[in-house]
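Novice: So the sequences go chain by chain: C and U. In terms of the numbering used here, the first sequence opens at residue 1 and continues consecutively. In terms of the numbering used here, the second sequence opens at residue 1 and continues consecutively.
No lab work stands behind these hints: they were computed from the structure. Wrong hints could be hidden among the right ones.
Claimed, not checked - No farther apart than 20 Å at their CA atoms in a straight line, the calculated lysine to aspartate or glutamate pairs in the EDC-like style are these: (1) K118(U) <-> E68(C); (2) K157(C) <-> E181(C); (3) K58(C) <-> E68(C); (4) K118(U) <-> D101(C).
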Amino acid sequence: MEGLYLYCIREKIEGVPAIPIKGIDGKGEVFTIVYREVEAVVSNISLEEFASEEIQKKAREDLSWIKEKAVTHERVIEGAMRENDKILSLIPIRFGTILKDKARLEETLNKDYSGIKEVLDRIRGKQEWSVKVYLKDREKFEQVIKEKNESIKEKEKYIASLPEGMAFFMEEELTEVISKEVDKELNNIVEVLFESIGKQAVASIKNKIFGKELTGKREPMVLNSAFLIPEGEIVNFKEEAGELDQEIQAKGFYLEYSGPWPPFNFTSYLKI
Amino acid sequence: MINKNDNVTLVDALDKVLEKGAVINGDIMIRVADVDLVFLGLRLMLTSVSKAEEISGKSFSNPDKELTPEDIEYIERLQREIRKAEENIPKIIDLGSPKKTEQGLAKLVLTLVELIRKLMEKEAFRRVKRGTLSPAEIQKLGLSLKAVQKKIKEIQAIFGIEDEDLNLDLGPLGNLM
Chain C
1 MEGLYLYCIR EKIEGVPAIP IKGIDGKGEV FTIVYREVEA VVSNISLEEF ASEEIQKKAR
61 EDLSWIKEKA VTHERVIEGA MRENDKILSL IPIRFGTILK DKARLEETLN KDYSGIKEVL
121 DRIRGKQEWS VKVYLKDREK FEQVIKEKNE SIKEKEKYIA SLPEGMAFFM EEELTEVISK
181 EVDKELNNIV EVLFESIGKQ AVASIKNKIF GKELTGKREP MVLNSAFLIP EGEIVNFKEE
241 AGELDQEIQA KGFYLEYSGP WPPFNFTSYL KI
Chain U
1 MINKNDNVTL VDALDKVLEK GAVINGDIMI RVADVDLVFL GLRLMLTSVS KAEEISGKSF
61 SNPDKELTPE DIEYIERLQR EIRKAEENIP KIIDLGSPKK TEQGLAKLVL TLVELIRKLM
121 EKEAFRRVKR GTLSPAEIQK LGLSLKAVQK KIKEIQAIFG IEDEDLNLDL GPLGNLM
């Protein structure tokens with residue numbers, strides 16, 4: 001039996017070409033189903049296949065499978081979001097949403113139609129941008145903190161006067177104190193950064209920090225944030241993000257921004 | 001600073017797609033386990049380690065014990081080991097030929113050794129703080145731990161492993177250590 005995999009809901013547009021990307025199963029065409037003033041972007045999939053134990057297992061355990069499917073999901077939504085240079089108002093749907101048939105889809109859209117319209121109106125003319133900040137040079141940052149802190153300097157002097165074995169414990173303890181100081185200061189800096197990046201945004205959110213294994217970077221991520229920014233402010237946002245990057249480089253950090261993304265972070269409260 | 005390119009990374013996928021977006025109640029068939037689950041096994045392991053550590057935190061030693069000749073010999077040996085490792089490390093680095101090929105396995109083994117070392121160190125700390133150890137015992141304990149630490153550093157230098165490599169990144173859970 002065939003079901004519908006749902007990628008996103010967008011405002012209805014006339015004469016926009018089909019999205020030339022294969023669907024989540026690598027086979028099905030991506031097409032739209034119009035409902036009143038909105039349309040659902042979907043592709044056909046085999047219900048048997050996606051309900052199978054094999055797929056269920058992969059979705060639980062196989063990170064590379066999850067990555068491939070999640071990326072396809074994202075790509076389709078990206079495709080549906082752009083019409084030439086224009087970014088369309090669109091609600092991305094959470095990964096893995098499958099409906100039995102068209103009737104079920106229409107029923108769902110009907111159930112919270114006003115909610116959907118309201119979100120589409122709110123998102124219109126705004127873009128999601130992502131800003132991630134990394135700590136490039138922790139040692140440098142640590143050094144700055146150590147030099148400011150009198151009690152740390154005093155402890156270091158005291159430790160120098162102890163026998164080696166005893167000094168060991170004090171040294172280890174001091175290292176811990178320093179690292180706590182560093183974390184505290186780090187939190188402050190990140191907080192200030194988050195505030196100042198978000199100046200142009202109408203909404204902003206701090207997300208989970210990812211480890212190096214996932215980011216593939218040497219430097220640890222210290223801030224993972226997303227902002228919803230009005231189209232007219234994007235130029236300013238980029239300019240200020242660039243300036244901020246220069247500024248924090250001196251303190252041992254750097255930032256990366258990317259966008260426009262489908263507004264994943266600013267529609268996830270919508271439960272249809 | 002970069003602009004977004006066409007390559008959506010795993011991070012982006014995890015960051016955006018898997019946990020975000022509007023939720024539709026109904027026939028969701030692919031339920032991607034919260035990605036944290038991938039790391040759950042490790043987390044469970046860690047929890048049990050720290051529990052074991054808590055339970056075993058007792059001390060039966062005698063605070064007034066003096067250093068025996070054996071103790072002194074032991075301390076001297078540790079100090080020699082520490083000096084030797086300390087002298088060795090720059091030499092190995094100067095050679096500029098760390099055994100990169102065997103680095104992977106060495107890294108894993110050393111990470112676990114380092115984890116155990118840190119757990120031992122914590123336990124030692126607890127006993128020192130409880131004040132039940134004599135100065136001689138503290139001196140011995142500190143030197144033993146330092147010797148192990150230096151030895152690990154030496155092996156790190158041999159295999160060209162950085163401090164921060166001695167860790168397992170548990171992704172959303174943060175680091176192992």
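Novice: Now tell me, hint by hint, if it's right for this structure.
Specialist: Taking the hints in turn, this is what the structure says about them:
For the proposed pair K118(U) and E68(C), the alpha carbon gap of about 38 Å is over 20 Å, so the pair is violated. Note on K157(C) and E181(C): the hinted pairing holds, with a Cα-Cα distance of about 19 Å set against a maximum of 20 Å. Only pairs whose Cα atoms come within 20 Å are accepted, and K58(C) paired with E68(C) is accepted, the gap being roughly 11 Å. In summary, the hint linking K118(U) to D101(C) is not supported, as the alpha carbons are separated by about 57 Å, beyond the 20 Å threshold.
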